[in-house]
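Participant: One letter stands for each residue in the lines below.
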Amino acid sequence: MTSAGQVFVPLKALLVLLLGAGGLMVALSLPETGDWFAQTWLRVTFLLPALALGFGFSLLRLWLMGAGLGFWALGIGLGYYFAGSVLALMAQIPNAENHHYLLFPASVLLLGAGLLPGRRVFVILCLPMSLLIGIGYGSSVALYDPSREGVYLIALQASGLGVWLPLTVALVLRVSGRRWREIGCHILGSWLVTVGLLYGGFAVFEPLIPVPSQTSTEPAPTTPVFLEQQGTGLVDPLAPPVMPGTSSSSERPGFLKDSIDP
Amino acid sequence: MRQFHSHKGPSVNLLALPLMASFVLLAGSQAASAHVVATGTGGLTAGFEHPFTGYDHFLAMFAVGLWGAQMGGRRVWTLPVAFPLVMVIGGVLGIAGLPIPYIETGIALSILVLGAAIAAAWKPWEWGSLLIIAFFAICHGYAHGAELPMAANPAEYAVGFVVATGLIHIIGIVVGLVLGRIWQGWLCRGLGAVIAVCGVYYLVA
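As you go down the protein sequences, you meet chains A and B in turn. Position one of the first sequence corresponds to residue 14 (this note's numbering), numbered consecutively onward. Position one of the second sequence corresponds to residue 2 (this note's numbering), numbered consecutively onward.
Keep in mind the hints are simulated off the structure, nothing from the lab. Since the structure is predicted, the reported quantities are computational estimates derived from the model, not experimental observations. Be a bit skeptical, because a hint or two may be false.
Claimed, not checked - Only part of the chain B face toward chain A is listed, based on derived beta-carbon distances under 7 Å: (1) 45; (2) 149; (3) 157; (4) 163.
Said to hold, decoys possible - Covered, in the sense of this in silico footprint (three residues per stretch, anywhere, with C-beta under 8 Å from a C-beta of chain A), are these stretches of chain B: (5) 85-91; (6) 96-102.
Each residue gets a CB set at the ideal place from its N, CA and C atoms; glycine is no exception.
Using the sequences and the accompanying hints, generate a full structural model.
Facilitator: So, in structure tokens, the structure goes:
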């Protein structure tokens, strides 16, 4: 191991970090999509699965990490294009449509279950897990994607963020000691399982809870207005999303609208 | 790929610290930005603040990390891993609104018992320490879970308080690992005694 090689690894991480941060700044500064980006894709429900997956990737050998990233990116694409089917499947869970189809708790629960036992288990599960969680992420992107008529910039931004985050986290964490990463893997896994079970349990059993609840609405009412009359090709975020491959409003699944309506 | 796990070279260490720091700063700014614009009260911030602003929660969770670090070995991480997992049971009971008596007493007892265990440098059998932690985790989980249905955004609230709980454990671990080397651990034991006294205060008050 040469010192030049040792320097190269963190330099690579630094380069990826800076490139992504630059891209993030550009995405946030775009007048048409910047606000949507900040208020939707940078929510913790989008960031946490990607960050945690990056933590898991940091435990893997480089070739396996690359394969995992590939499966994750493939999953995002599949999830985006087959979002209707995925959401229809998730809608079978009681009360799922009122909680964004439980994509978030399902993702963190799955990921937490893979990280909790430690590196040995995660090495075995990382590829199918990356694919499945990627499908969840891609479906979430489609759920909140206001793109229409070929304007896929917002979806591309979200997908780019989704690929950049795990890669950067993995590369940055590789600089630290492996033993600490393995301990962190157990701890992070327990957090994710806890979040998944608590929120998932709450969402499923919410109708039975006697306490009056205020269900969440995403994006929040303070989200900026994207109106078609502005000629941006974007739509009101509170309107039902158009799933890829559909064009007319009658073909829209209307899942998001159902979840937002009181 | 072994070279990625080796960081003995001084050049790597020189780069590692600013790199990790910049990433943490960047990640922190994203989360803050996301939360400030998109959530009202009862979201990520409220969940995150709950364990930090409730001193009884803070002391108990800090003591969990401190005790694990004091005992050393696997228990450095098994205790902080077990705590949130068992906390789910209490959380679900709290969400369901099932009346459980003496929850506040249980929380106060957790501070007293964990503080006393640290003060006495007690190292029980691993499963024994996990059982103690599990019992108290249910009390703390119940208190958090009872607030979850009232949160404006339950998902972010849950993330907030679980992450905060874990961070307090980690603070406890770090403090325990550092203090454990000073005066043969007596400073750590003294801190445990202070925590136990706080537990007595909460129990009486």
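Participant: Please go over all the hints and tell whether each is borne out by the structure.
Facilitator: We went through each hint and held it up to the structure:
Checking residue 45 of chain B against chain A: minimum C-beta separation of about 6 Å stays under 7 Å; hint holds. Proximity of residue 149 of chain B to chain A holds as hinted, the smallest CB-CB distance being about 6 Å (cut-off 7 Å). A cut of 7 Å between beta carbons decides the hint on residue 157 of chain B: the least distance to chain A is about 5 Å, and the hint holds. Given the 7 Å rule on beta carbons, the hint for residue 163 of chain B holds: about 5 Å separates it from the nearest Cβ of chain A.
Residue count for the stretch 85-91 of chain B with a Cβ under 8 Å from a Cβ of chain A: 4. That meets the three needed, and the coverage hint holds. Residue count for the stretch 96-102 of chain B with a Cβ under 8 Å from a Cβ of chain A: 3. That meets the three needed, and the coverage hint holds.
Violated hints for the displayed structure: none, as all numbered hints are satisfied.
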